[in-house]
Amino acid sequence: MVKKTSQRISVASLDDLVNVAGASQEQEQQYRYHICICVAAGCISQNSDAVRDALIAEVEARGLEDEVQVKGVGCMGLCAAGPLVRVDPDGIVYQSVTVDDVPAILDSLENGPVEKLILPQDIPFFERQQKIVLENCGIIDPEAITEYIAAGGYLALHKALTEMTPSEVIDVVTRSGLRGRGGGGYPAGLKWVTVAKAESETKYVICNADEGDPGAFMDRSVLESDPHRVIEGMAIAGYAVGANKGYIYVRAEYPLAVERLELAIKQARWAGILGNGVFSTTFDFAIEVRLGAGAFVCGEETALIASIEGRRGVPRPRPPYPADYGLWGQPTLINNVETFANVAPIIRNGSDWFAEIGTEKSKGTKVFALAGQIVNTGLIEVPMGITLREIVFDIGGGLPDGRNYKAVQTGGPSGGCVPEQFLDMPVDYESLREVGSFMGSGGMIVMDDSSSMVEVARYFMEFSMTESCGKCIPCRTGTRQMYDLLSKVVAGEASQSELNLLVELGDLLQNTCLCGLGKAAPNPVVSTMQYFEDEYLERLVDDNGSADEPAGES
Amino acid sequence: MPAQATAETSAADKRWKLVEATMRRNGYRPDALIETLHTVQGVFGYIDREALKFVAERLPVSPSQIFGVVTFYHYFQMKPQGRHTCSVCTGTACHIKGSKALLDDIEAHYDLKDGQTTPDDKVSLLTVRCIGACGLAPAAVFDGEVEGSVTPDLLHERLDNWLAEEDEGNGEEN
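Here the protein sequences line up with chains A and B, keeping their order. The numbers in the first sequence follow this note's numbering, run straight up by one, and end at 554. The numbers in the second sequence follow this note's numbering, run straight up by one, and end at 1174.
Certain hints may be false.
[Stated by the list, open to error] Listed below are the simulated DSSO-like cross-link pairs for lysine-lysine, each with C-alpha atoms no more than 27 Å apart in a straight line:
1) LYS131/A / LYS361/A
2) LYS488/A / LYS1100/B
3) LYS1113/B / LYS488/A
4) LYS1053/B / LYS1100/B
5) LYS1100/B / LYS1079/B
6) LYS1113/B / LYS1053/B
7) LYS1079/B / LYS1017/B
8) LYS245/A / LYS197/A
9) LYS1014/B / LYS471/A
10) LYS116/A / LYS159/A
11) LYS1100/B / LYS1122/B
12) LYS1017/B / LYS266/A
No wet-lab data here; the hints were simulated from the structure. This structure is a prediction, so every number in the text was calculated from the model and none was measured.
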């Protein structure tokens, strides 16, 4: 276990960073074995914290404290098989570990692996991934700044501050081709340039960690597993655009992520990495955490800003964009957790390295959360341009119990359903949009043929309806009307003319709503109608409402 | 804004001091409001009119604005909750894996709907929009503890245990 006081270190220079890294590695090497157990939310809800305590107790009972280190690490990805335990240096991973398995795991150090618990590492789930954002997840202790530094952490910030000008930093980010990972895919470099050029004494950096899409948990895992990476990315961004203050807006529904973030900020402040004179330079940067309070619309940047200011999270028309007029009217850079998590590796390894990964227009990797009817539910990171088939059937292991693939839903309530005929399409921002879906923040929900697509469309419309902030009429009233019409379709009471009305309303919302929530709310309806029209038609009744003959005219 | 502990509500109640501390830490600025409301709900369990007034007297924000904020965000509750809370996740993954059936089951067996509390004030049922435990769908939170792959049996076990608990000895036996 990491002692909290050992995390109170000071790093003022490159030498200090190297020394801390060396000391941390040396300390690791004192042990012959490291038993790493996942203590991110997925495994904790399967009692991994009890397993960790049992492991510590058993190590002590056997008098092995000097040989065996037990440590909590972040997400290892395969949540379906949790709690996960890895024994290093051999890298053997055990799945579904319970407290009862603890003695056997310690016996295994002498007698060889516990066969019945082994999770093979040569399966596609592990082999096909490429990790940049998640490189430390499941490896380091998220509550130890020393381990982050030992893994090369904060070198990029140091490099940016001491060897590069702000415009050089922006140039590297621009040339890397990094695009916003929150969903829209706006080029990060372009946003940074705009904020850097805005003239103001005071500027802000905001990290959007209001991961509201139901079915998405990428940001939560990054914050719980490697919080320092996000802090480093934000500090580099602050230096690049000329901001001295950052806010992380995180959901109150993620208490563990909040706790680890606050601890990480405190450790960074103690170390002199945040605060006045970062790394003894003239650059000051402070970060504060702000809690959301359960409003999906606060993922929209102007609503998020309103919420940080302590008001109702209601969006306002853009322009002016936050890059010119953001938090308290000052130029503000807003990026998502995963975007910031990519920054340090890009500065460390250069823009060419990053630009080589992915497709022509979508560079780098993307983290996806796999859930729904899929064998390997969990968190994955893959290069952009990989096909959906590889994600669902190779990495995801296909559908359980011989179920049949019907669609994968991406982009949450703003996205759509991708049917079987597009399984071989490369996954990037443009291709997903072409087939009527949306990258979104990265949730992928696999559905089998028992799912009714009209039901699914209604589910998302209900979501958008209840989450509408009520400011603009097309969204406030339109989502309600669309929801009512969908309910009629589900109940088998809608007519063709009502279906036409649904389409018309969808078009209206897409073109007239104030913000992304309303504009994108019809997407699930549009995409399911496009690919699963039969399911709508077979539920229709005649216009006079009497006969229940399918109204299948073209 | 100077803080004057004139209101009798603040008298000797430690919990009000925690609320006060949050406001102070945020410099009694208007943007302290949401952080303050989180503290209120954290220490009292809900935000009532008295709390609303207390905050309005200290922050440069009007009671009506505070009311607007409290009712805008789903996370804030204006009614007291039961001794225990069960929050069923209704995110997409949980929906696909049957969270609706779980809610129907609770309604059928316990006559409890989203947002309601049992008449003996022991259990409140809530729904949440995705707690990010999608890999373990369907998920529910029992008194702050996340549980994955929830079945009706597990729900019954937890709820029955809570309902069978003795009434708390608040001086009076009942």
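Practice task
Would you list, in rising numerical order, the hints stated earlier that this structure does not obey?
Solution key: 4, 6, 9, 10
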